[in-house]
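Be aware that the sequence shown starts at 2, since it is given in our numbering, and climbs by one per residue.
Calculated directly from the structure, the hints in this document are not laboratory data.
Some hints here could point you the wrong way.
[Stated by the list, open to error] Now the in silico label distances, taken between C-beta atoms and shown as ranges:
1) E21 to W107: 38 to 44 Å
2) P135 to A160: 18 to 24 Å
3) P142 to D35: 31 to 37 Å
4) F62 to A183: 19 to 25 Å
[What the hints assert, rightly or not] Simulated crosslink set (DSS-like; lysine-lysine; CA at most 27 Å straight-line):
5) K120 to K131
6) K147 to K28
7) K114 to K78
It should be emphasised that the depicted structure is a prediction, and the values quoted were computed from it without experimental measurement.
Glycine residues also receive a C-beta, built at the ideal position from the N, C-alpha and C atoms.
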Amino acid sequence: KAATSARFWSALYQGRPAPETGAIWLKEWWRRYDIPLWSQRSDGTFRLDGYDVTQSWDCAFRDTKSSDYVVGQVWAKRGADSYLVYQVHRRLSFTETLDAVRHTKWLFPQTRKIIIEGKANGDAVIDSLKHEIPGIVVFEPGRDSKEGRATAVSPYIRAGNVHLPTTRVASMAPEISFDVEAFILEATSFPNAAHDDQIDAASMYLIETYRVSGESSILVPIGRIPLSSVKRQGQQALAPFQRRLNDRYLRR
């Protein structure tokens, strides 16, 4: 395995072939930035002046060798464009996941929203941290498949609105260094890669940021109401008036 590429090994020995260019998120679609967006302060934290900062977390059940990875991503958005700044990509226990979320929030104090998927131990992470760290929101995937979510946000990647750091920028600061090429490999191999946790975290961020969903909803004090429900109730309320109008029209 050490003598072969990850793509060759996955295709030949694990039966997960993937086109070199990608299947859903094409490799050529990614935009790269070569100037760091952040500045590091004397206390060790990082600032992203002029950007909205969001974190996206895909959690796992346990930290065994066969388990999925915990992935936490830090995204910066300005205008229509989003930039991946930092990524946690490790097998972590529940308590280690809590510490990773806390530490990443400390590293990027500008973070306004932290998206955590309500699956695996995500719900437990949310319950443990929601009164400690502000801005935690739950992501409910509903019935959408991982492939469906990735496909739904693919136009933003294709349009050039999603930017990844170059390897130089991604490894510039040791405290927030990460393997961006591993992210691209997983994205290009998806949905046939051995793991898809990085794709899940990115999809969640893009769906929340660009408001991509199968159905729109409105916020009310007690939660969300799907617009289809509002529309249906409105149609029911207007039905008697519509029938009267129809009767008048037919009598003419």
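Hints, one by one, checked against the model:
1. A hinted range of 38 to 44 Å for the beta carbons of E21 and W107 is consistent with their spacing of about 39 Å.
2. Range check, P135 to A160: about 32 Å between beta-carbon atoms, so the 18 to 24 Å window is missed.
3. For the pair P142 and D35, the beta carbons lie near 34 Å from each other, so the given range of 31 to 37 Å is met.
4. Between F62 and A183 the Cβ separation comes to about 22 Å, which falls inside the hinted range of 19 to 25 Å.
5. Using a Cα cut-off of 27 Å, the hinted pair K120 and K131 holds, with the two alpha carbons roughly 16 Å apart.
6. Between K147 and K28 the CA atoms are separated by roughly 18 Å; this keeps the pair inside 27 Å, and the hint holds.
7. Using a Cα cut-off of 27 Å, the hinted pair K114 and K78 holds, with the two alpha carbons roughly 12 Å apart.
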